Amino acid sequence: MRSDLGPLKRSEHSTPSILGIVTARGGSKAIPRKNLALLANKPLLAWTVEVAFESASLDRLVISTDDPEIAEVGKKLGAEMPFPRPAALATDSSTSMDVILHAIRWFADNENYRPDYVLLLQPTSPLRTATDIRESIKLALAKHADSVVSVCETHQHPLWMKRVNEEGRLVDLYPQLSAPTRRQDLSPVFALNGAIYLALRTFLLSERTFISDRTYAYVMPENRSLDVDTPWDLYLANLILNDRERRETV
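According to this note's numbering, the stretch in the sequence shown is residues 82 to 331, in order.
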């Protein structure tokens, strides 16, 4: 956990103001109390907060939560907790965008703080690194992007996917398209991996989305793209992070 609880210090090369928001509600179904679940001897939440500080790229790092225990852990890690998340934004049907817009408007109304960019960091991506954060910001600035979203190449190509019809037979997902018979003849396809969502504050307020025709992809490798959603995901992340910790101490 972060020992110095002073303000975030940005890298001298970072010019825009960037607000980092970690979304961490108390409820979860597949993994009870998921954001506080131990992962390589730390709460899941800690892996995201610590790399955000390590990136030295953010003006402020805030945790949006409805849960007092998560709030207390977040404060010990050094994150800000300027407001509790409203209960209406902490249900199973609440969206991350609703939570982000609430935070943006709270800061504008209460502190007159209007950052250039907003970075959503979900605790369920504990394998992202500080470099991933820095490089995604560099990409956004270089491309003058509305947004940058992290992706990972998927090995389950949609042209080879099937569905089961009402009779139980296996049929092509896209029967109108012909698929190559060799993998090397397929064009790469990418899926959102949930690790990085970065966008202009003004774009989020006007469009209520992270995706536009000026969204750029920050491509991450598979070994940093695990999204923790099930107990199996948590088990795999624990193996990976314990192994990483052992390698770093050798």
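Think of the hints as simulated: they come from the structure by calculation, not from any bench.
One thing to keep in mind: the hints can contain errors.
[Unchecked claim] Distance windows between CB atoms, simulated:
| # | residue 1 | residue 2 | range |
| --- | --- | --- | --- |
| 1 | Thr330 | Asp179 | 29 to 37 Å |
| 2 | Asn191 | Ser268 | 16 to 24 Å |
| 3 | Pro165 | Arg327 | 35 to 43 Å |
| 4 | Ala189 | Pro312 | 35 to 43 Å |
| 5 | Ala211 | Thr330 | 15 to 23 Å |
| 6 | Asp179 | Ala223 | 42 to 50 Å |
| 7 | His225 | Glu248 | 50 to 58 Å |
| 8 | Val245 | Asp197 | 35 to 43 Å |
| 9 | Arg295 | Leu119 | 36 to 44 Å |
| 10 | Arg328 | Asn191 | 43 to 51 Å |
| 11 | Thr96 | Glu247 | 16 to 24 Å |
| 12 | Asp324 | Ala272 | 38 to 46 Å |
If you're wondering where the values come from, they're calculated on a predicted model, not measured in any experiment.
Here a beta-carbon is modelled for each residue, glycine too, at the ideal position from N, C-alpha and C.
- prompt: That 35 to 43 Å hint for Ala189 and Pro312 (C-beta), does it hold up?
  reply: Because 39 Å falls inside the window, the suggested range holds.
- prompt: If you check the beta carbons of Val245 and Asp197, does the distance land in 35 to 43 Å?
  reply: Cβ of Val245 to Cβ of Asp197: about 47 Å, so the range 35 to 43 Å is violated.
query: Falls inside 42 to 50 Å, the C-beta gap from Asp179 to Ala223?
result: Violated, since Asp179 and Ala223 (Cβ atoms, about 30 Å apart) do not stay within the stated range.
- prompt: That 16 to 24 Å hint for Asn191 and Ser268 (C-beta), does it hold up?
  reply: About 48 Å separates the Cβ atoms of Asn191 and Ser268, which means 16 to 24 Å is violated.
task: Please test the hint of 36 to 44 Å on the beta carbon pair from Arg295 and Leu119.
output: For Leu119 against Arg295, whose Cβ atoms are near 40 Å apart, the range 36 to 44 Å holds.
Distance restraint evaluation - Asp324, Ala272, Cβ atoms, bounds 38 to 46 Å: Given range 38 to 46 Å: violated, Cβ gap about 24 Å.
query: Is the gap between the beta carbons of Thr330 and Asp179 within 29 to 37 Å?
result: For Thr330 and Asp179 the Cβ distance comes to about 41 Å; the hint is violated.
query: If you check the beta carbons of Thr96 and Glu247, does the distance land in 16 to 24 Å?
result: Given about 56 Å between the Cβ atoms, the range is violated.
task: Return holds or violated for the Cβ distance of His225 and Glu248 against the range 50 to 58 Å.
output: Taking Cβ atoms as reference, His225 and Glu248 lie about 51 Å apart, which means the hint holds.
task: Look at the Cβ atoms of Arg328 and Asn191 and judge whether their distance stays inside 43 to 51 Å.
output: Since the Cβ atoms of Arg328 and Asn191 sit about 44 Å apart, the hinted range of 43 to 51 Å holds.
query: CB of Ala211 to CB of Thr330, is that within 15 to 23 Å?
result: holds, 18 Å
message: If I claimed the Cβ atoms of Pro165 and Arg327 lie 35 to 43 Å apart, would that claim hold in this structure?
response: holds, 38 Å
Hint compliance for this structure: hints 1, 2, 6, 8, 11 and 12 are broken, all remaining hints hold.
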